[in-house]
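Trainee: Given next are the chains, with one letter for each unit.
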Amino acid sequence: MAQRAVWLISHEPGTPLCGTVRFSRRYPTVEKRARVFNGESYVPVPEDGPLLKALLFELRLLDDDKDFAESRDSCSHINKTSIYGLLVGGKELWPVVAFLKNGMIYACVPLVEQTLSPRPPLISISGISQGFELLFGIQDFLYLGQKNDTELYTKLSQLPDLLLQACPFGTLLDANLQNSLDSNNFASVTHPQKQPAWKAGIYKGKPQVSISITEKVKSMQYGKQDIADTWQVVGAVTCKCDLEGSMPNVTISLSLPTNGSPLQDILVHPCVTSLDSAILTSSSIDAMDDSAFSGPYKFPLTPPLESFNLCYYTSQVPVPPILGFYQVKEEEIQLKITVNLKLHESVKNSFEFCEAHIPFYNRGPITHVEYKVSFGQLEVFREKSLLIWIIGQKFPKSMEISLSGTVTFGAKSHEKQPFDQICIGGTAYLKLHFRILDYTLTGCYADQHSVQVFASGKPKISTYRKLISSDYYIWNSKAPAPVTYGSLVL
Amino acid sequence: MGPLSRENWAQRVATFRASPSAFMVGPEGEDLGRDLLSDLRSEKLSEQTKVSLLSLSLEYPAQLWPDAPAAEAAATSLLDTLVLLPPRPSALRRPLLLAATTALAAGGALGPTSGASRRLLPLLLGLAVGRDLGRGFGPASEQRPLQATACECLRELESCKPGLLGGCLGLLRGLMGQEGPIQPLSLLLALALRNTLVIKAKARAGLQGLLVAGNSLTEGSPWNWTLAEEGDAHLQPQAPSWSAAEEGECGLAVLEPSPEEARELRAAVAQLLDTSYLLTPAAQAQLLWLLGWAVRGLRGQPPVLFKPQLVRLLGTAQLTLLHAVLALKAAFGEALFTAQDEALLLRRLTLAAQHPALPLPAHLFYLHCLLSFPENWPLGPTGEEAVPLLLGSQLCRGLLPSLLHDPMALLARLHLLCLLCVEDEEKEEKGQDQSLRCYLEELLAGLRQRAALNGGPRALAILCFQASYLVVRCLAGQPMVLTPLTHGLTQLYRAQPALAPHFVDLLDRVGPELGEPLRVALRQEVVSRPGKDEALRWHLQMLAKVANEDAQSATLSFLQAAAAHCLDWGLQQALLQVCQALLRAGVGGGLADLLQVLARQLEDPDGRDHARLYYILLAHLSGPKLGMALGPSLAAPALASSLVAENQGFAAALMVQEAPAPIRLSIGPRRAEGPVPVLQLQVEVLEPVYSLELRFHVERQLYAPVGAVHVPCLCPGRPTSPLLLPLQPRRPAPARLDVRALYTTPTGLTCHAHLPPLPVNFADLFLPFPQPPEGAKVGFFEELWDSCLPEGTESQLWCPLGPHRLEALVSCHLEPFVVVAQAPTSYCIAIRLPPDSRLLLRLEAAHADGVPVALRTDDWAVLPLVGAYLRGLSAAV
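Protein chains in written order, with UniProt numbering: chain A, 1 to 490; chain B, 1 to 877.
Don't read these hints as lab results, they were simulated from the structure.
Among the hints, a few may not be true.
[To be verified] Okay, derived cross-link-like pairs now, DSSO-like style, lysine-lysine, Cα gap no bigger than 27 Å in a straight line:
1) LYS329(A) <-> LYS101(A)
2) LYS218(A) <-> LYS329(A)
3) LYS216(A) <-> LYS466(A)
4) LYS307(B) <-> LYS298(A)
5) LYS204(A) <-> LYS460(A)
6) LYS194(A) <-> LYS307(B)
[Said to hold, decoys possible] Away from chain A, derived, C-beta distances all over 10 Å, residues of chain B:
7) PRO181
8) LEU626
9) LEU681
10) ASN761
Idealized CB from N, CA, C, for every residue including glycine.
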């Protein structure tokens with residue numbers, strides 16, 4: 001279950017090495033066990049330099065992938081997980097857990113407590129999930145609430161000390177590094193017997209509970225007979241419970257209005273102490289029926305100190321909030337476009353913002369646009385080959401708006417205009433960006449009465465809701481578009 | 001050297017970290033470990049700098065203190081530093097404990113004879129149980145973190161030396177109910193318990209009340225190493241591989257605790273599980289892996305203990321927790337998970353593998369877990385990825401690939417789709433099957449369309465070919481899939497010939513199901529479109545892979561047309577590669593014409609030479625031999641480029657290879673007869689050798705040149721008659737024969753090897769005189785004896801031999817040369833030394849302790865050789 005080494009590497013394309021090791025930590029006692037367990041098949045953890053090179057090569061992050069290199073590009077060299085074998089000094093170091101996120105490569109080498117030849121199945125290696133958890137924990141620590149590079153470097157400089165707490169010998173004690181940071185600050189507080197390890201100390205102050213529900217809606221709309229449109233709501237409930245006592249008990253309930261859409265695929269935070277089986281089994285992979293559990297969804301829990309994601313869910317609402325139609329016709333050197341958008345009557349018509357982004361990929365810069373909008377304004381970004389239709393805070397009374405126009409393009413020059421591997425030929429999309437405050441598409445809400453707190457003092461309870469768009473695509477109905485299996489009308 | 005400043009240390013540490021190996025061979029390498037230990041006590045350095053020094057020692061103890069004595073000394077020094085800290089709060093206590101532990105465990109110094117171990121272990125245990133160690137160990141506020149750290153140190157030591165804490169189980173268990181950090185104690189107890197169970201099971205012993213023993217360790221009493229030594233210091237996997245554990249290697253199955261012990265054990269496990277929700281998810285997962293496999297093999301320990309935890313765990317999205325549940329599933333199967341539970345677990349995994357709130361690496365790992373799911377009743381062979389029985393294609397809908405996915409996700413999901421297609425084919429539920437197959441086809445078409453993009457990134461092409469390969473591997477038996485795939489790939493080639501290296505790679509890796517039709521289609525595609533532009537290079541590369549004896553005329557006319565456009569060296573070589581492929585495929589007539597044209601027409605002399613060579617080979621070698629000459633070399637390592645590899649094979653077949661000889665030569669018994677000395681050579685071979693030619697070279701030209709010896713065939717283990725090697729000495733002197741072998745291996749390569757030199761001894765040159773008639777022997781010898789002088793020389797030697805040993809010596813070594821014998825005491829010996837010398841020996845009047853040897857020769861130069869020879873003989877007898 002232990003890790004032999006951990007690295008953070010920033011990916012820097014265009015530089016000679018294409019990356020820099022920002023942080024590394026080795027665990028020699030684990031390495032010693034690896035040598036014994038792996039026997040003949042043991043491959044030592046390399047120094048940072050060779051590792052950087054091997055990892056970037058394997059992840060195809062070096063700038064030299066112009067030519068076909070069999071050891072990397074062969075059709076049989078297939079990776080289906082984020083776990084790699086790295087060629088270092090003629091031998092293969094395996095398993096290396098690694099992934100790239102926000103320009104940073106997170107990597108570690110879990111201990112395998114047996115010989116590596118033949119390779120044991122990944123599922124049987126406990127260090128794999130522990131390694132992922134550690135890397136996810138580091139990633140969360142670095143990027144949650146991080147605003148700029150200076151802050152990132154401050155956090156990077158804190159990592160050695162934090163890992164000394166959270167993973168002193170390579171065996172992960174706590175993936176929540178913020179918790180390790182806080183425990184330094186709470187060091188002087190006396191700890192009662194049943195202090196959870198994931199709670200660094202005890203809150204002192206005014207009791208308050210805040211619950212915020214954020215729903216993201218994504219959609220793929222094709223405007224075609226033979227392909228079904230798809231849409232899905234993904235919700236996240238974030239809580240912060242400032243309550244006194246070492247183990248305050250709280251029950252938070254999420255409710256739906258009578259016509260609300262049932263919550264499905266619910267994943268809860270580990271601090272939730274028990275779970276109703278109806279919550280556990282309501283899942284989007286089964287066919288929907290009327291008997292679906294529609295709440296209230298009760299989550300008894302012992303909250304940690306910091307803000308946490310109480311649960312995530314998905315939901316299948318009956319209609320998409322905005323129904324769109326997009327058509328692009330190629331006429332000699334120009335494109336003729338038509339867009340219709342309709343807000344569903346059940347949706348709250350009060351946006352923080354609402355925009356439609358209409359990009360044109362794999363073409364030259366826009367040289368000329370003629371258009372007509374029934375509502376809002378159009379902004380033209382010539383060099384980026386992009387149109388942005390700013391719809392604003394409200395749809396008109398009719399709930400329907402339209403845009404039509406012709407766009408002319410200049411000669412294609414590869415450096416500036418965006419390349420896209422999907423939008424080939426006539427394939428094109430527009431993407432909606434919007435946000436509605438104090439609203440959820442499912443109707444899901446948590447009110448003051450839905451929170452029970454078994455602790456001293458009556459806490460102030462505040463709740464927030466919002467709906468935002470995410471991956472809301474409307475495809476050109478006149479050309480092929482990428483489909484998922486679910487959208488094929490069978 | 002005095003203490004370094006903070007800046008100096010910072011720089012030194014940075015240089016070290018950049019490349020520890022380079023630093024250690026540098027001038028400062030040797031002193032680093034010593035300086036670090038001494039500067040930890042320096043008052044000039046800040047605590048922060050000291051912590052960074054300790055961090056270095058936590059990561060690189062093997063470099064700083066490379067052997068066990070050095071590690072022991074370092075740990076002692078670190079402990080001394082710890083004791084010397086002033087009683088005020090300090091950030092150094094924790095890292096010092098960690099560093100001393102690391103030094104001992106990583107340096108291999110941990111053991112009963114190590115003084116540092118004898119100090120560290122009681123100290124850690126004292127801290128772990130919350131014993132008051134005095135003000136020297138810091139203020140009260142520091143005690144709790146130190147207590148946790150001490151537990152972690154003990155856990156690490158127990159991991160490295162299982163059984164170390166076997167004697168403290170009762171003590172640790174007692175602590176669980178009291179005040180103290182719950183997580184470190186739980187994990188420590190769980191690990192110690194598990195290791196104790198394994199060691200006791202291996203020794204077929206009971207727990208002997210270890211779980212209920214009270215505080216057996218009082219201050220000052222020696223550490224109990226019994227169990228660690230019983231464990232024989234074998235590391236115990238904390239979470240054994242499932243397959244290994246299934247074979248009983250975790251060794252727990254034989255432990256049958258007494259009812260009382262079983263009750264205690266159950267109580268301990270239940271206690272650990274009950275408080276497990278107080279642990280962080282990562283620690284909970286470790287606890288479950290440890291306890292799961294600890295309880296698994298014990299009779300009378302039903303796994304229901306784990307049941308209350310499961311619902312809570314299944315609800316979370318934590319990778320470690322779901323993984324630990326899967327480990328429990330693998331450990332207990334139906335005993336813990338009914339069919340309904342299994343179905344629920346599969347559903348949770350399925351939704352976790354696609355849940356939008358989880359990151360991609362987690363999705364991919366869950367998908368892997370689904371396809372390797374430890375089923376209660378698996379149908380297929382273990383170890384192969386398969387769709388679990390309870391997971392029908394209906395439930396997998398959301399897991400199917402789409403073009404919008406990231407490449408890894410697309411491949412993982414594509415694999416699932418292929419497995420579903422196979423399954424449906426087997427079930428013959430055609431309706432579903434067709435829609436899945438159609439979807440698969442559309443997906444592949446989309447991938448090909450993206451790969452065909454001009455100027456698109458190579459990653460798109462790689463993905464397309466990986467997907468095609470995956471589909472062929474899973475669905476090789478389904479022509480319904482392969483036919484459109486072949487067609488689609490051919491079209492892709494038409495659109496983007498620059499992908500030729502990918503096609504060559506694909507053809508190298510797929511079986512004949514796709515390989516054969518694709519070859520044919522691609523050949524047709526290439527030869528039907530004569531090119532003269534950029535694509536020609538790719539066409540030629542493609543054709544070198546797919547050309548064979550079919551469609552010869554089309555191929556040849558394509559090549560003829562292409563030749564006119566092959567103006568640079570690279571293109572000409574590519575063209576010749578195709579010719580070579582055709583040669584290998586046994587294409588005859590038309591090719592000869594083409595080669596002749598090329599030999600005249602090509603601009604580049606290298607190209608012309610090659611063409612001519614191929615023509616000569618084609619005209620002079622029979623088919624099989626040609627194949628051998630052009631075939632890839634077995635010895636040549638696989639190189640990245642197939643062009644280079646082919647060329648190597650070709651060169652290897654035509655060139656003589658230097659090789660270690662599979663031949664051993666030795667000199668057999670002497671044959672003292674005939675007009676010249678003849679060596680009898682014994683030959684042994686380790687592998688079949690054909691057309692062996694042995695060439696000899698006499699050092700310093702002491703003999704006339706020796707002719708080569710030819711052997712048609714030699715096989716290992718088959719007796720061979722000795723090879724006779726006549727020598728014509730120019731002087732009667734020993735010599736060394738330098739031997740080289742030239743032979744053909746069974747794979748058709750011609751090899752050349754240098755064999756160890758053969759020594760020709762002085763005695764190997766001895767020849768007898770013709771035997772005189774019976775009565776004239778004495779006279780004959782005397783005549784020879786007299787004839788040596790005055791030109792020759794005479795000498796006397798003493799051989800320290802008794803009469804019987806003299807007889808043995810003569811009969812063994814000199815028998816053929818004896819002219820007159822009065823055994824056992826007196827012999828007259830005459831030896832002919834070619835080219836024209838003689839050596840006469842008189843061994844007469846043997847005494848009890850030796851025999852005087854009188855010798856005469858007409859060649860004074862041989863005297864030292866004779867002396868050495870005789871001394872050697874008498875020493876040997």
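Trainee: Next step is simple, just say for each hint if it's right about the structure.
Mentor: Here is what the structure says about each hint:
In summary, the hint linking LYS329(A) to LYS101(A) is not supported, as the alpha carbons are separated by about 37 Å, beyond the 27 Å threshold. As the CA atoms of LYS218(A) and LYS329(A) are separated by approximately 26 Å, the hinted pair is consistent with the 27 Å bound. Restraint check for LYS216(A) and LYS466(A): satisfied, since their Cα atoms lie roughly 9 Å apart, inside the 27 Å limit. Between LYS307(B) and LYS298(A) the CA atoms are separated by roughly 22 Å; this keeps the pair inside 27 Å, and the hint holds.
Of the pairs offered as hints, the one joining LYS204(A) and LYS460(A) holds, with about 15 Å between alpha carbons and a cut-off of 27 Å not exceeded. Distance hint between LYS194(A) and LYS307(B) is fulfilled; the C-alpha atoms sit about 22 Å from each other, no more than 27 Å. Some Cβ of chain A comes within 10 Å of the Cβ of PRO181(B); the nearest lies about 7 Å off, and the non-interface call is violated. The claim that LEU626(B) is not at the interface with chain A holds, since no C-beta of that chain comes within 10 Å of its own (minimum 28 Å).
Under the 10 Å C-beta cut-off, the non-interface status given to LEU681(B) relative to chain A holds; the minimum distance is some 42 Å. For ASN761(B), the condition that its CB be more than 10 Å from all CB atoms of chain A holds, with the nearest at approximately 47 Å.
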